[in-house]
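Chemist: Starting from the given sequences, assemble the full structure and let the hints guide the process.
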Amino acid sequence: MAAVQTREKRILWILSIPMALLALSAVYPVYFTINAALKTRKGYVLDRFGLTTDPTFVNFSQAWNQSRLSEYFTNSVVVTVGAVIALLVVASMAGFALAILRFRGRKIIFITILVSLMIPVQVVLVPFYRTMIGLNLIDSRPGLIIAYTAFFLPFSVYLMTAFYARLPRELFEAAQIDGANLLRVWWHIMLPMGKPALVTLGILNTLYCWNDVLISLLVLQDQRTLMVGIAALRGEYTTNVPLLAAGICLAAAPIVLIYVIFQRQIVNGIAVGAVKG
Amino acid sequence: MKTTNRILRAGTMLATALVMTLGVATSAKADTTLTVWDWKSGDPTTAPYFEKVKTDFEAAHPGVTVKFVMQPHDQYYTLLGTAIAASQGPDVVLVHGGSQAKERIAAFSKLDDKIADIKTRVAGWDEFAGPDGSAYAVPISIQGLAVYYNKELYKKAGLDPEATPKSWAELEAICAKLKAAGTTCFALGNKEGFGADFFYSAAAANALTAEQQAAWTAGDLKWSSPEIKAIVQKWVDTQKDGWYAEGANSTAKFMDEYQSFERGENANTIGLLSDVAHWKEFDEFLEPQNVGVFVMPPVTASVNDKLRMPLAGGIGYAVTKFSPNQDLAVELAKSFTATPAMQVFFEAAGAVPSDTAVDTSKVESPSAKIVLGSLSDGAPLLHNNTSTAETEEWHRQSQMLFTGETTVDKAVARLDEVQAQAKKK
Amino acid sequence: MTQTLTAKDSKSTAKAVSRPKSGGHNAERLAYLFVLPALALVVVFRIIPLIWGLGYSFTDYDGMSAPRFVGLDNYIGIAHDPVFLDSLVNMLILLATLPIWIGLPLVLAILIHQGVPGGKLFRAVYFFPAVLSSVIVGAIFNVLLRYDGSFNLFLKAMGFSAVDWLGNSSTALFSLIAVQLWATFGMSLLIFIAGLSTVSAEMLEAAKLDGAKLLQTWWYIVIPSIRPIIEFAAVVTTIGMLTSMFGLIYVLTAGGPGTSTILPEFLIWLEQGKMNRPGYASAISMVLFLMMAGLAAIQIRIMSRNADI
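Protein chains in written order, with our numbering: chain A, 1 to 277; chain B, 1001 to 1425; chain C, 2001 to 2309.
Bear in mind the hints are in silico, worked out from the structure with no lab data behind them. Just to be clear, a hint being listed does not mean it is correct.
As the list claims (entries may be wrong) - Here chain B is said to cover these stretches of chain A; the calculated rule only asks that three of the stretch's residues, wherever they fall, bring their Cβ under 8 Å from a Cβ of chain B:
1. 49 to 59
2. 123 to 136
3. 218 to 224
Beta carbons are placed, not taken as given, at the ideal position from N, Cα and C, and that holds for glycine.
Modeler: This is the structure we're talking about:
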């Protein structure tokens, strides 16, 4: 028995070497981006990989001021926060109803929402844009919040439904017998109980909204979001990698910061909704 | 019942609040705002030019605000397409000359009777003209193709750095000599197929007569015609002869190809006159006295006594048909060519301006002088008169010719098909 | 009338609870109110645009002049479009790599679960690329995978010959897939790690006492017990494969060489934007959607089961 265990241990040790290399490759982009951001355009062209010897912060200030990223930053924060809250509320309400309540057309509604998960954004570009115009939602932050909610909703509804379906029913029935109305059941029981799945969705949707370019491009043509600003930095000829890298550092910083601070919760929480309890 | 009512009431209130927020967000428009779409205004080198246009225009038109919206270039035409389809969006838009502009003129206002005052001062109108010759956009730059070379590397290979090739045979001799000295002759990036675009366009400039150029535009001169097929053949031959470094298909023309030229890894490159990959940029890396420039000789006999540089209107501003401020928008589009602004465009960005009144006499770069000197006698830029469908197919075929997946005969046959279909419409 | 609550969980002993309530259809109506916001958003912003797009696909719409009905012309055009057919082949190749997309993170997750040295650190770091946008991932791999890039320098130092990873029709698609896999495997990994934590320790202990080898334990006990989670990851991964490769294609290969890395998603972008043929692009979209719907049917079955609907 002991021999088997030491052999297992040894195998794990050996396997940890390729895993460490993979881990190294995963952090390499961070080094590359920061290093490139600290170079001048000319310095980057002449030496793309080498560690910068003469760091400059010009790119950061240029990206922040001249490329108006500071303005876009606020937009991104407002829109992301708004959309994530809306997504969580709408998805948990729908998930609650679909998983626990019984009503006619339940299955059709669920399938309709799932089908919409399979529609690529490119497919509906023109009609979607015209719909937004028709509803007077173009060029407004609430418009983009609604658009994000609509686009990222199907998956969120699915996850909440799957999660609620696995909660012990007794909880809900007890509340029902106490005569609490549905809204209160949702607010006092379903929301707190759904926390692990809501955390997961909160994280995923924050990533989706923050990193989105296409939907934001269509809807917010005046006031940009950060990622659109970054995408525009690429320009026609992808000339200025250091400037782009500086922009990316600035845009990714909040996300990376959130990731580092909440690493444990994210790693633990991200899949709880998918796990059969 | 109570619960339902309460929820309904809450829902109504929420909806009302939402509608009000939306209303406030969209209805606040006091003065006139002209929205301009482009993919350049945030670029540090061109920013001073756009700033000047905006300041001057707003000073001349009180109460009008000019707003530049810089779109990511990869989504530019997708976005423009959706805006046009919905008849709502920008008043003035930047477009590339040639097929990108011409395939969209149905959405642009005809400018003919409004541009008489600038028509002669500004050059490059053809690239933005409709089938009847009417103007649909105001050109702001002249774009073209020139071969830039590294004089230092020429000297190292025992070549006279001032003797530029006048024929294909001479160019072949130069490449042979460079190769013998261990230097790659041409930088080439063909990841997107742009390398192949520049090649056939540069090689055709002095190979086709004016009639043949017109036949090409109309779709009557085929890819399988001897003139064009000879160029496609040379595209393959030059690769076989080792003119380029390995990996052209995975090298982006912008800017991997040019950056390798700037690092001195190869002796020649087919570059541009405006925007990037031009004299100003190469001077910065290789020192002005080391940058030379010549016109690509045709693969067959030249139809011109003196080789002409292929050039045409580069980018220009069109006014959208759906803009509610037609007159102001036209004024704005025209103001992009105002000489003081154009002067900034030339000096800050090194763009060759469409405005012929710009003072270029102070420029010291030897290659810039040659480029500016050849503007008055240019040849058409063939790839501007190729349909987008053909261009896309040529991008693919050119790559497969390099990987050996297709042959010259098969490639031109396929391109003939696409050409016939595209020009049928 | 009655409000019916059925026990959803088959294992649960609770029977359907019927409680008469004074409000009549109230509860059912309330249930509709709960799904209404979600349903309305999905229908207005996704389903209606989809039907609208279906309409365009039967026209010669160019975004400028009024659409003219052309019947099945676009669909006939597609059937004869070699580029479109190539893109379908590429899509099938991409889908065929799904086992790797599942297998790699699964093996890594099991190793981490088994307590590989440094496991906690790996778990945190592997998720990193998933946070980055494809713009930066593309920019980096552009430099790494070029012919004179670091990858080939390394190969040459090891005595191999250089490969034009992105410029060769036989390797370009696989390089692209590898980069996307690298950039996204962290998500599946976390899902699997969470799933593994639910596998009961007694079961593993019992297996060990039975003298089961490590590999056998994984194959016969661990993997079957997290099957629903593997299915879930497969669903999420497939959707990602078919709808989020655009950024990388654009930066890394632009669809080339030839048509070797054109996926339907990229072709739609090309036709819609550069080629300015929304009608034709819509037809491609509809074909893509129908093919995905076939796939979707399987997925919906899996997802419905997971959600117990």
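Chemist: All hints, please: hold or fail.
Modeler: Going down the list of hints, with the structure as the test:
no. : hint       : verdict
1   : 49 to 59   : violated (count 0)
2   : 123 to 136 : holds (count 6)
3   : 218 to 224 : holds (count 3)
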